[in-house]
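S.K.: The primary structure of each chain is shown beneath.
Protein chains: 2
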Amino acid sequence: MRDVAVIGVGKTAFGVFPDRDLRSLAVEAGEKALKNAHVAPGQIESFYLGNFAGPSFVGQNHLAPYVSTALGIQGVPATRIEAACASSGSAFYHAWSEVASGVNDIVMVVGVEKMTSQPTAKVSEILAEAGDCSGEMRAGNTFASLFAMIARRHMHDFGTKKEHLASVAVKNHANGALNPDAHMRKVITLEQAMKGKPIADPLNIYDCSLISDGAAAVILAPLERAREFSDKPVRILGIAQASDWVALDQKDDITTFPAVRRAGEKAYKMAGVTASDIQFAELHDCFTIAEIIAMEDLGFVPRGKGGPYVFDGHTTRAGERPVNASGGLKAKGHPVGATGVAQIFDLVQQIRCEAGDRQVPKHSVGLAENLGGSGGTCVVTILGAA
Amino acid sequence: MRDVAVIGVGKTAFGVFPDRDLRSLAVEAGEKALKNAHVAPGQIESFYLGNFAGPSFVGQNHLAPYVSTALGIQGVPATRIEAACASSGSAFYHAWSEVASGVNDIVMVVGVEKMTSQPTAKVSEILAEAGDCSGEMRAGNTFASLFAMIARRHMHDFGTKKEHLASVAVKNHANGALNPDAHMRKVITLEQAMKGKPIADPLNIYDCSLISDGAAAVILAPLERAREFSDKPVRILGIAQASDWVALDQKDDITTFPAVRRAGEKAYKMAGVTASDIQFAELHDCFTIAEIIAMEDLGFVPRGKGGPYVFDGHTTRAGERPVNASGGLKAKGHPVGATGVAQIFDLVQQIRCEAGDRQVPKHSVGLAENLGGSGGTCVVTILGAA
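Chains as they are written, first to last, in numbering that gives the first Met the number 0: chain A, 0 to 385; chain B, 0 to 385.
Please keep in mind that the hints were generated in silico from the structure rather than gathered at the bench.
Do not take every clue at face value.
Which copy is meant is left open, because identical chains are indistinguishable; a pair holds if it fits in one copy or across any two.
Stated by the list, open to error - Below, computed lysine-lysine pairings styled on DSS-like, alpha-carbon distance capped at 30 Å:
1. Lys361 with Lys31
2. Lys31 with Lys196
3. Lys196 with Lys121
Computed from a prediction, not measured in an experiment: that's the story for all the values here.
All chains, full assembly: derive it from the sequences and hints.
M.R.: Structure follows, in structure tokens:
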């Protein structure tokens, strides 16, 4: 297998854009990535689109050629991958695989979702289709209620407190406030975060990520060719995709995600690093409890210790291991199909020292964790300076 | 790149199954393929699911781990691919790529669609999402009306007649009547086929494929390991995926599909064969005109000559080049996401000499063409005896 590098990235702002359709967002991100990589559309040899629910949100399916042709990419394989909230993380994994194995050299991945044209109740219903609709969703669950059960059990088993959850929100909002492309640039206090409007107890509105429109794009090439295109290539040190039950009720223990553990272990092994080598991370904080559990499953902290670790400030931008310096799904926004590639975008910005006010001090080795549903899919990627 | 073989196949009957859900169909096909390949679920190293519109048809998304875990496949990458009617053809292409390039050895692909729980008008609406919803579909087109325009133009440019279209239906119904798993086992006469209920002139009900439930599965391995699992492995001689505009109105000429031509050329080149070496084929007859154009784009006949070629009997089971001996989408049925892998199933049955009453005389080299939408995606696969 060949070493693979990111040679270009692009991203739209995340937010509520009533005047923008799915394709225009995807094309904007894609064109920025092409420009960033100094690559022409005709040089792209294979195209991947990560999208969760375009048909349900905007009535458009068959999305890969729908986007690729609009970018001027013609004839080559154009493939849409759907893996719930890990759709574009999975698309990135398959693009990496194609370059690493020598099938193609220059491969593009775009992640996109246009969510805000639907009313919130309908959005919740569409998101719920990423759970097991034959059981848990038929019983009335939404993702907020599933993650509320996870949070409650984590509190019961490990003594995690609402203050711990709230501290994730406070940190990520503080980071997002510095991100010009974030959906919500609003600093909040711990008191505010504790007193948010209840959603599914113990989760309140500040424990939940945002419903956003947006797109992100990345272009990959073999590391040995990377400097033909970019003077700041970023290397993929490790990457893995793993799967597990979609339904929460099939799991032995709902306070840990086997797919995250497995993807993390495989990515660490491939990169030849351990959790302690990870200097900063973008973790899938669809709900505050998810960031806490991700840190535990990835070995950043022992099981049950994630809450206090955040609360004590170790994951702020100035802390020992910054997490979600971008603002995370919580404040940067969570256009579902864009999130996986947007995490890669954020790691690349940090590694290239282009993160502006959000720049973290140690930025040579970063990790992205992209979770699908309540753990049915996970993709873990470790990037480093080339 | 390594040579790759099909080591096992499985398929459900196609039809209307009100008592079966999407997952049970996918699991039935998958378990049959595992048994056929003598492979245990724990040996599968990567899993692909081809599905077009599970969320819209049955309210379930995040479909790959939803199916793979039910098959006892845990932990490994489980990836859903959507490419309209070419969803499982594309999934098969990516599975081939993974084995050919050495990323994994034993890879499974399941294609599935559960369509009949929705009323026909709703099915048409969901299918229309594979077209360009911002233009052609907003103008009121369905796929039947798009292919009607294609047929009308083909008639105008080349003198193709309604009798030619009808002869595709007559042939495929005759074949389907011999297929115990076909959705519609009904022999029809040319007169009947000419006088079907109008759908979108010049297409009538007999020019249109069926709305079906069903699933198909296939397991791949490196050719060098194939006989560990199967005494009848089938070799992938050539394969390619290509893309083009999703919207018909973007194309210079609607009587030919550039994605089919390109995928065909690449697959022929990889296999080291020409069109004249193809002994039999499964072509994507979503509408009768599509089978005629596919024969032209793949070089079976010169442009404009597809209609007379069928009408003169050259593609019957006893003809010089049998096409859709399975009954095709027309009579076997067209559960959209299952179709690409079902075509592979049919080629494998013929090459293994297991096609019963439908067995064609020359069956060493067969071709499958799986079309997405009105030509936005195409996957062409050439299989041969190992």
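S.K.: Work down the list of hints and note, for each, if the structure agrees.
M.R.: Now for the hints, and whether the structure bears them out:
1. For the identical chains of this complex, Lys361 and Lys31 are intra-copy neighbours only, at 26 Å inside a copy versus 52 Å across copies, given an alpha-carbon limit of 30 Å.
2. Taking the closest pair of Cα atoms, Lys31 and Lys196 never come within 30 Å of each other, the shortest separation being 38 Å inside a single copy and 51 Å across copies.
3. Only within a single protomer do Lys196 and Lys121 lie at most 30 Å apart by alpha-carbon distance; the minimum there is 20 Å, versus 38 Å between protomers.
Checked against the numbered hints listed earlier, the structure breaks hint 2 alone; every other hint is satisfied.
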